[in-house]
Amino acid sequence: AQSVTQPDIHITVSEGASLELRCNYSYGATPYLFWYVQSPGQGLQLLLKYFSGDTLVQGIKGFEAEFKRSQSSFNLRKPSVHWSDAAEYFCAVGANNAGNMLTFGGGTRLMVKP
Amino acid sequence: GAVVSQHPSRVICKSGTSVKIECRSLDFQATTMFWYRQFPKKSLMLMATSNEGSKATYEQGVEKDKFLINHASLTLSTLTVTSAHPEDSSFYICSAAARLAGSDEQYFGPGTRLTVT
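Protein chains in written order, with this note's numbering: chain A, 967 to 1080; chain B, 2 to 118.
Chain A extracted, bound-state conformation (with noise of 0.2 Å):
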C-alpha cells in the first residue's frame, strides 16, 4: 500500500529565511508525486508534481522540489519564505499521471516570523 510521511507537524521560519519541507513516500511502482498548499478554511492548491524526466521540479510561488529515488523523498523547498506562506503544506502520491488515488501525508504547517 501506498503511504506518505511529513515528519515535521509544525515548521517557524523567519521571513526571508529558506525553507525544506520533508516528504517521504512508500510506493510499489513509479510514484507519481504532488505538493500542494492549504490557506486556513480553503481548498488545495497544487505547487508542482512529478511524474517522469528531471528530477529537480519547479512549481509556483517560488517553489521546487527534489525527487530522490534513493532516499524514496521528494522534499520541498523555497530559497526565501514570505510572510504569505504561511499555510499548511500536504505531499502527496498518486497512482498515475492524472493524480488518482492520492494519499495524502499529515501535512506540515508552516508558520513565518516577520
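Hints are supplied without guarantee of correctness; some may be wrong.
[To be verified] Taking lysine-lysine pairs in the DSS-like style, the calculated list, with each CA pair at most 27 Å apart, reads:
#	chain 1	residue 1	chain 2	residue 2
1	B	K67	B	K15
2	B	K21	B	K65
3	A	K1027	B	K42
4	B	K15	B	K65
5	A	K1079	A	K1027
6	A	K1079	B	K43
7	B	K21	B	K67
8	A	K1079	B	K42
9	B	K56	B	K67
10	B	K42	B	K21
11	A	K1027	B	K43
12	B	K65	B	K43
Calculated from the structure, these hints are not laboratory results.
Dock chain B against chain A, hints included.
This is chain B only, laid out in the frame that chain A set:
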C-alpha cells in the same frame, strides 16, 4: 485553468437531518470525482471515488449508506450525509480528475464545512 466549486461552503444542521453537498467542475468534464474528509488539523482522507454513471467506490470504513454519492453528469457529483450526527462534523473536500490539453491532474474544490449540532 480548471475550476471546481462546492456548494454550500458552510452548513449547520441539526442531528438526524440530511445534508447534500454539491461538487461541480465549471469548465471541464470530469468522469471521475473524489470525496475527501479532513478533520481539524489533520490530513485529507479519501472517502470515495465517484465515476459518472456508475456506483461510487467507497474506501474501507466509510459507510456507503451514510454517505450517499451520486455522479449523475460529467460536471456534478453530490455527497449526501444522511441522518447526520455531531461526529460527522468535518471539512469535506471534493476533487475532479481532468484530462485537458497540457494538463492531467486532480483539481480540488474549496471545501464545505459541515457542523452538526
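Right, here's what the structure says about each hint:
1. K67/B to K15/B: 16 Å, holds
2. K21/B to K65/B: Roughly 14 Å between the alpha carbons, so the hint for K21/B and K65/B holds.
3. K1027/A to K42/B: 24 Å, holds
4. K15/B to K65/B: Satisfied, since the Cα-Cα distance of roughly 21 Å is no more than 27 Å.
5. K1079/A to K1027/A: 18 Å, holds
6. K1079/A to K43/B: With a Cα-Cα distance of about 23 Å, the restraint between K1079/A and K43/B holds, given a limit of 27 Å.
7. K21/B to K67/B: At roughly 12 Å apart (the allowed maximum being 27 Å), K67/B and K21/B satisfy the hint.
8. K1079/A to K42/B: 20 Å, holds
9. K56/B to K67/B: 15 Å, holds
10. K42/B to K21/B: 24 Å, holds
11. K1027/A to K43/B: 24 Å, holds
12. K65/B to K43/B: The given pair, whose Cα atoms are some 22 Å apart, holds under the 27 Å limit.
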